[in-house]
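Chemist: The task is simple: from the sequences and hints, build the whole structure.
There are 2 protein chains.
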Amino acid sequence: MRDDDMLRRFYSVIPAGGVGTRLWPLSRAAAPKFLHDLTGSGSSLIRATYARLAPLSDGRTMVVTGRAHRRAVVEQLPELTDANLVLEPEPKDSAAAIGLAAAILHRRDPSIIMGSFAADQVIHPVEAFQAAVREAVYTAAEGYIVTIGITPTHASTGFGYIKTADPLEIASAPSAFSVADFVEKPDKATAASYLETGGYHWNAGMFVAPVDLLLKHLDSKQPELHAGLMEIAAAWGTPARAETMRRVWPTLPKIAIDYAVAEPAAAAGDVAMIPGTFGWDDVGDFAAIGRLNAAAEMSNLTVMGEGARVYSDHASGIVVSDTKRVIALIGIDDVVVVDTPDALLVTTKEHAQQVKSAVEHLKASGDTDVL
Amino acid sequence: MRDDDMLRRFYSVIPAGGVGTRLWPLSRAAAPKFLHDLTGSGSSLIRATYARLAPLSDGRTMVVTGRAHRRAVVEQLPELTDANLVLEPEPKDSAAAIGLAAAILHRRDPSIIMGSFAADQVIHPVEAFQAAVREAVYTAAEGYIVTIGITPTHASTGFGYIKTADPLEIASAPSAFSVADFVEKPDKATAASYLETGGYHWNAGMFVAPVDLLLKHLDSKQPELHAGLMEIAAAWGTPARAETMRRVWPTLPKIAIDYAVAEPAAAAGDVAMIPGTFGWDDVGDFAAIGRLNAAAEMSNLTVMGEGARVYSDHASGIVVSDTKRVIALIGIDDVVVVDTPDALLVTTKEHAQQVKSAVEHLKASGDTDVL
Chain S
1 MRDDDMLRRF YSVIPAGGVG TRLWPLSRAA APKFLHDLTG SGSSLIRATY
51 ARLAPLSDGR TMVVTGRAHR RAVVEQLPEL TDANLVLEPE PKDSAAAIGL
101 AAAILHRRDP SIIMGSFAAD QVIHPVEAFQ AAVREAVYTA AEGYIVTIGI
151 TPTHASTGFG YIKTADPLEI ASAPSAFSVA DFVEKPDKAT AASYLETGGY
201 HWNAGMFVAP VDLLLKHLDS KQPELHAGLM EIAAAWGTPA RAETMRRVWP
251 TLPKIAIDYA VAEPAAAAGD VAMIPGTFGW DDVGDFAAIG RLNAAAEMSN
301 LTVMGEGARV YSDHASGIVV SDTKRVIALI GIDDVVVVDT PDALLVTTKE
351 HAQQVKSAVE HLKASGDTDV L
Chain A
1001 MRDDDMLRRF YSVIPAGGVG TRLWPLSRAA APKFLHDLTG SGSSLIRATY
1051 ARLAPLSDGR TMVVTGRAHR RAVVEQLPEL TDANLVLEPE PKDSAAAIGL
1101 AAAILHRRDP SIIMGSFAAD QVIHPVEAFQ AAVREAVYTA AEGYIVTIGI
1151 TPTHASTGFG YIKTADPLEI ASAPSAFSVA DFVEKPDKAT AASYLETGGY
1201 HWNAGMFVAP VDLLLKHLDS KQPELHAGLM EIAAAWGTPA RAETMRRVWP
1251 TLPKIAIDYA VAEPAAAAGD VAMIPGTFGW DDVGDFAAIG RLNAAAEMSN
1301 LTVMGEGARV YSDHASGIVV SDTKRVIALI GIDDVVVVDT PDALLVTTKE
1351 HAQQVKSAVE HLKASGDTDV L
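Chains as they are written, first to last, in our numbering: chain S, 1 to 371; chain A, 1001 to 1371.
The set of hints was computed from the structure by calculation and includes no laboratory data.
It is possible that some hints are incorrect.
Each computed DSSO-like pair below joins lysine-lysine, with the alpha-carbon atoms no more than 27 Å apart [unchecked claim]: (1) 1188(A) to 1163(A); (2) 1356(A) to 1254(A); (3) 324(S) to 1216(A); (4) 1216(A) to 1163(A); (5) 1221(A) to 1163(A); (6) 356(S) to 185(S); (7) 1356(A) to 324(S); (8) 185(S) to 324(S); (9) 363(S) to 1324(A); (10) 356(S) to 1324(A); (11) 1254(A) to 1216(A); (12) 1324(A) to 1356(A); (13) 324(S) to 254(S); (14) 324(S) to 1221(A); (15) 163(S) to 221(S).
Partner residues are not named here, just some residues of chain A that face chain S (Cβ under 10 Å, in silico) [as the list claims (entries may be wrong)]: (16) 1025; (17) 1029; (18) 1056; (19) 1313; (20) 1319; (21) 1344; (22) 1351; (23) 1358.
The following residues of chain S were derived to be distant from chain A, with all beta-carbon distances above 10 Å [as the list claims (entries may be wrong)]: (24) 153; (25) 282; (26) 325; (27) 344.
Positions of the beta carbon are idealized from the N, C-alpha and C atoms, including for glycine.
Modeler: Right, dumping it as structure tokens:
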């Protein structure tokens, strides 16, 4: 099969879940991270994700998101057909979300190769990303579940790692490696040793796989989940779609795709990796917003938000304005101010990661109206 | 005359002007400093001022304020009669405001001794303040304009100073001094030398004076202003009051009482001083709010505002909440956050004085809707 023909078998799936708790109060249940323009590019993260994949899978992109986000997603992605928009009645973790996409695509054509790419990551240059996806598709066509690993830039303890073994020596995918193992988020010393010895990449949750291979592993590890997804997929193009989804989805087990598919497949020698040579950021906290905004290069103060009215005097950091209020910052450095109609966050870049615990505290104390 | 009889000649005047720019965005043109409870006492500053004076001048207290604040002032001081509420159609500085009160009182009884006390100062214990005012009344009765000086606690460059000469040796006012001079706000070195040598007190703008003596000095220095005020005062108890105020007030010269009365009177040897032995604060900025709130002793974070919903994690400083929004502070020290419906201030205690320049900048840039 020619490479171009192989690419025509390629379908992109964008799971758009995850509230992005560390970006509260900007990102929240009603308006999660992927719906925001966190880079000042003019596009929301999901729109940018879609656009990045369009040259590879134009018209062949599926989105899986919560029912509550239907309107916002359709507004962001007017090209999306109803058949390619999967709305979860309730969150069921990644194996159900991605598995359902695989099952629906498998019924369309069992030879489809799908790629799964989270809706809320920032990647550039897009050409390097697309080249990696192409290699991943060619590798997947050889019978692999192919992750795209991120070359570590520092000893991060915030990501899981992918341990590679030998090069696979596939002609159209010269950078493909076989994967020895997935390893959980390490402690600082272990992360440093990974960076030192090499052979470890960050697991960004991006993978490309033949849908039949993915479903085979899912069936083997999670037969109940697999059966439920196949039942929904069988009803997908029929009048029974809505009823079946409503009836079956709530019964599905909650499990991450890593445990349900990726790790068992790696143990079976079925997983490969393409090293990503592009810049990648999962916009994990507000400090990332400072890094990612082009405007930050011109000033010590990054201001995000349409019509923001910010006055600053000897101030640096990040302001996210989701209101039309005047915001005055005076004599304060590396501050993070996130101003929304019903909640205000004031922290520092250094403490940006701790926003998550604030959200947990608010949840525990019953202040759920702002979450 | 017995001392008690003398006290019955005493009238309090509370000039309630001044936006309190350093307390923006809490204090602003529409809701100035004196209308706020800045100490967490449960009373606005003007209510606390009135209550502090009531034992000395119950039913004999006059308020001079801007027309826009009529409703708020009456709400705070329901005891105030219409005859004792002077509403300025436009601000004309302190000589006009205090001079009009003096002129109105002079028509009621030329033997009245008035005391002028700003509406936005914090004083305790009130007993020590009242004792100082009593001494000031007895001294005024001897034919003096009597300032109440504040004993300096540090080498402040933010206040003018009163330089005393000899004790006056008045039997009922043993702590009265004659005043040699008023001096302008000094530089740091000069302020330090004042503290070192003694004999200097802060000028808090508090004074007690026979209305006829005050008006005599005003007439001598500012005859035009004096004539205008006497014309309004003549109409005060008559149906012509409103018309006269409207016609004459706008024509009055703008000048501070210090230049129009206090300094010329001091040069003439007519000014005395009673040293205030009470705690005094003019609530000059948000750092003062941290100092003055009793709650601040229990925690590093002072929270002001009814129904404030503040979550803090390793945070210290001051939060003033004028909205019902959730405010989360994480990992930030000595911060000042002032949250109002249309404007947000984030600064530090150390930079609290610079809020004034932010307001000036907003004014210059046309953002006057939030001032």
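Chemist: Run every hint past the structure and note whether it holds.
Modeler: Hint by hint, here is what the structure shows:
With a C-alpha separation of about 17 Å, the suggested pairing of residue 1188(A) with residue 1163(A) holds against the 27 Å cut-off. Restraint check: the Cα-Cα separation between residue 1356(A) and residue 1254(A) comes to about 22 Å, which is no more than 27 Å; the hinted pair holds. The hinted pair formed by residue 324(S) and residue 1216(A) fails the criterion: a straight-line CA distance of about 53 Å is larger than 27 Å. Note on residue 1216(A) and residue 1163(A): the hinted pairing holds, with a Cα-Cα distance of about 23 Å set against a maximum of 27 Å.
Note on residue 1221(A) and residue 1163(A): the hinted pairing holds, with a Cα-Cα distance of about 22 Å set against a maximum of 27 Å. Note on residue 356(S) and residue 185(S): the hinted pairing holds, with a Cα-Cα distance of about 18 Å set against a maximum of 27 Å. With a C-alpha separation of about 22 Å, the suggested pair residue 1356(A) and residue 324(S) falls inside the 27 Å cut-off, and the hint holds. Straight-line distance between C-alpha atoms of residue 185(S) and residue 324(S) comes to about 40 Å, which puts the hinted pair past the 27 Å bound.
Proximity of residue 363(S) to residue 1324(A) is assessed by CA-CA distance (about 17 Å); at most 27 Å being required, the pair is judged to hold. For the hint pairing residue 356(S) with residue 1324(A), the CA-to-CA distance comes to about 22 Å; that is within 27 Å, so the pair holds. Note on residue 1254(A) and residue 1216(A): the hinted pairing holds, with a Cα-Cα distance of about 18 Å set against a maximum of 27 Å. The suggested pairing of residue 1324(A) with residue 1356(A) holds, with an alpha-carbon distance near 26 Å, which does not exceed 27 Å.
For the given pair, residue 324(S) sits about 40 Å from residue 254(S) by alpha-carbon distance, which is inconsistent with the 27 Å threshold. At roughly 50 Å between alpha-carbon atoms, residue 324(S) and residue 1221(A) are farther apart than 27 Å, so this suggested pair is violated. Between residue 163(S) and residue 221(S) the alpha-carbon distance is near 22 Å, which keeps this suggested pair within the 27 Å criterion. Given hint, residue 1025(A) at the interface with chain S, holds; its Cβ is 7 Å from that chain's nearest Cβ, closer than 10 Å.
With a least beta-carbon distance of about 14 Å to chain S, the hint placing residue 1029(A) at the interface is violated under the 10 Å criterion. Because the closest C-beta pair between residue 1056(A) and chain S is about 40 Å apart, greater than 10 Å, the hint is violated. About 6 Å separates the beta-carbon of residue 1313(A) from the nearest beta-carbon of chain S, less than 10 Å, and the hint is met. Evaluation of the residue 1319(A) hint against chain S yields a held restraint, the C-beta minimum of about 9 Å falling below 10 Å.
Checking residue 1344(A) against chain S by beta carbon gives a least distance of about 5 Å; that is within 10 Å, so the hint holds. Checking residue 1351(A) against chain S: minimum C-beta separation of about 3 Å stays under 10 Å; hint holds. Contact between residue 1358(A) and chain S, as hinted, is supported at the beta carbon level, the nearest pair being about 5 Å apart and thus within 10 Å. Chain A leaves residue 153(S) outside its interface by the beta-carbon criterion, the shortest separation being 24 Å against a cut-off of 10 Å.
No Cβ of chain A approaches the Cβ of residue 282(S) within 10 Å, the least distance being about 20 Å, so the stated non-interface status holds. The Cβ of residue 325(S) sits about 5 Å from the closest Cβ of chain A, inside the 10 Å cut-off, so the non-interface label is violated. The claim that residue 344(S) is not at the interface with chain A is violated, since a C-beta of that chain comes within 10 Å of its own (minimum 5 Å).
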